[in-house]
Amino acid sequence: MGAQLSDRVELERVLGLLLSAGTYVAVVLVGLGVAGLVLAGRSPLGPDVAPFDPGRLPADLVAGRAEGFLWLGIIVAIATPAARVGAAGVGYALRRERIMAAVAVAVLAVIALAVLLALGTG
Amino acid sequence: MEVTLVLAAGGVAAGLFGALLGLGGGILIVPLLTLGFGAPVREAVGVSLVCVIVTSGAAAGVYLQRHVANLRLGMVLELFTAIGALVGGLAAFLLPEPVLAGLFAALLAYTALSMLRRRLGDAAEAPLADGAPILEPRTPATPMAAWREALSGQDYRVRGLEAGMAGSVGAGVVSALLGVGGGIVKVPVMHLVMGVPLRVATATSNLMIGVTASASAIIYLLRGGIDPLVAGPTALGVFIGATVGSRTAQRVDVRVLRALFVFVLLYSAIEMARRALGLA
Chain G
1 MGAQLSDRVE LERVLGLLLS AGTYVAVVLV GLGVAGLVLA GRSPLGPDVA PFDPGRLPAD
61 LVAGRAEGFL WLGIIVAIAT PAARVGAAGV GYALRRERIM AAVAVAVLAV IALAVLLALG
121 TG
Chain V
1001 MEVTLVLAAG GVAAGLFGAL LGLGGGILIV PLLTLGFGAP VREAVGVSLV CVIVTSGAAA
1061 GVYLQRHVAN LRLGMVLELF TAIGALVGGL AAFLLPEPVL AGLFAALLAY TALSMLRRRL
1121 GDAAEAPLAD GAPILEPRTP ATPMAAWREA LSGQDYRVRG LEAGMAGSVG AGVVSALLGV
1181 GGGIVKVPVM HLVMGVPLRV ATATSNLMIG VTASASAIIY LLRGGIDPLV AGPTALGVFI
1241 GATVGSRTAQ RVDVRVLRAL FVFVLLYSAI EMARRALGLA
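Read top to bottom, the protein sequences are chains G and V.
Using the numbering used here, you'd call the opening residue of the first sequence number 1 and step up by one each time.
Using the numbering used here, you'd call the opening residue of the second sequence number 1001 and step up by one each time.
Some hints here could point you the wrong way.
[Claimed, not checked] Ranges of calculated distance between the beta carbons of each label pair, as one might list FRET restraints: (1) R96/G / E1162/V: 43 to 51 Å; (2) V38/G / W1147/V: 31 to 39 Å; (3) G1278/V / V9/G: 51 to 59 Å; (4) P1096/V / A102/G: 15 to 23 Å; (5) A63/G / A1145/V: 53 to 61 Å.
[Stated by the list, open to error] These stretches of chain V come out as covered by chain G in the derived footprint (C-beta under 8 Å, 3 or more residues): (6) 1198-1204; (7) 1256-1266.
What the hints contain is simulated information worked out from the structure, not anything from laboratory work.
Quick caveat, the model's predicted, so the values are computed rather than measured.
Where is the CB? At the ideal position from N, CA and C, for every residue including glycine.
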């Protein structure tokens, strides 16, 4: 019982750290992008920005373009909760809590379905 | 450059207000972008979802590390909020813009009236019971009872799991359609229907917001519904405002702020309704 409780406490601590770290990384990346916008004197309400294109991301980042940092920050922010679910699933699987591990897999499956449906109906 | 800073300042105000009044900043982002900057409702919702994920992420991390949130219950319910968000995210691209504006106007009016009612009832309101105390030994008789037991906390027992799942689907749809965290649905369902203490319900709702909003934000992202140049400054501002607000909330008398907030919500509701009816 005591070991179970300390396991739970440890899992929650690790997941909390993961969420906080992911969020702060996202905020720093977005902050760099915003700084880039301000320094370049660009208006957010200017001509339309190209939709998200993963293929352009590395080139934008290497070139130091604001869009690259903004997109990466947004992607990290959106991916962090899913990473928390994945980590929780692994934690539960290691503790042989099969139902909770299955719940984590189901949540990730719904997120994956969202990706597929968005791509398929876009 | 000015517009970037104005967007960030608007985000700071939304995050600050939201944190001080315990509502989350999401409900102010969509009116800010649509009424203040002329953005389409759908694009404003996409930006708002990013803001909601960022602000809830930091708070949820702290709640987990302090063991306030119920992780098991949150994960089970977020499966259903994510399903709702998936449906809502797809529906958002099918519904005409005026319908989205009308739905948002209804949400704003409902939130404003809820806050007014709470304010008027402050004096007479009895303190909410923080979950039913467990008086009998835990001896689950059925698999469902054992499952409820596993989702319960040390000093409260979860009930009404089926109602909680149904409410979570609804919260997910609302979140995805309107770009809010959905706490306005989840917290009352968990606290009043499922018997979860208010503090735990609030923390668990916060934990679920990330996954819920992510499931729909992915749809907005891949279908061109998120403008990074607008989302970036706004999300950064909301994050700063929410961080400052959560650290000063205990020291601020929110009565005047709450009255101002109700006024802003009602004004925004009227303007969104006018937009829905093609009058703005």
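Taking the hints in turn, this is what the structure says about them:
1. In this structure, R96/G and E1162/V break the distance hint of 43 to 51 Å, their C-beta atoms being roughly 27 Å apart.
2. One distance hint, 31 to 39 Å for the beta-carbon pair V38/G and W1147/V, is violated here, with the actual separation near 52 Å.
3. For G1278/V paired with V9/G, a C-beta distance near 55 Å keeps the hint of 51 to 59 Å intact.
4. A beta carbon spacing of about 39 Å between P1096/V and A102/G contradicts the range 15 to 23 Å that was offered as a hint.
5. A63/G and A1145/V have their C-beta atoms about 59 Å apart, which keeps the hinted 53 to 61 Å range intact.
6. Closer than 8 Å: that is the beta-carbon criterion, and the stretch 1198-1204 of chain V has 0 residues meeting it against chain G, so the requirement of 3 is violated.
7. By the rule of at least three residues with a Cβ nearer than 8 Å to a Cβ of chain G, the coverage given for the stretch 1256-1266 of chain V is violated, with 0 such residues.
Hints 1, 2, 4, 6 and 7, counting from the list given before, are not met by this structure.
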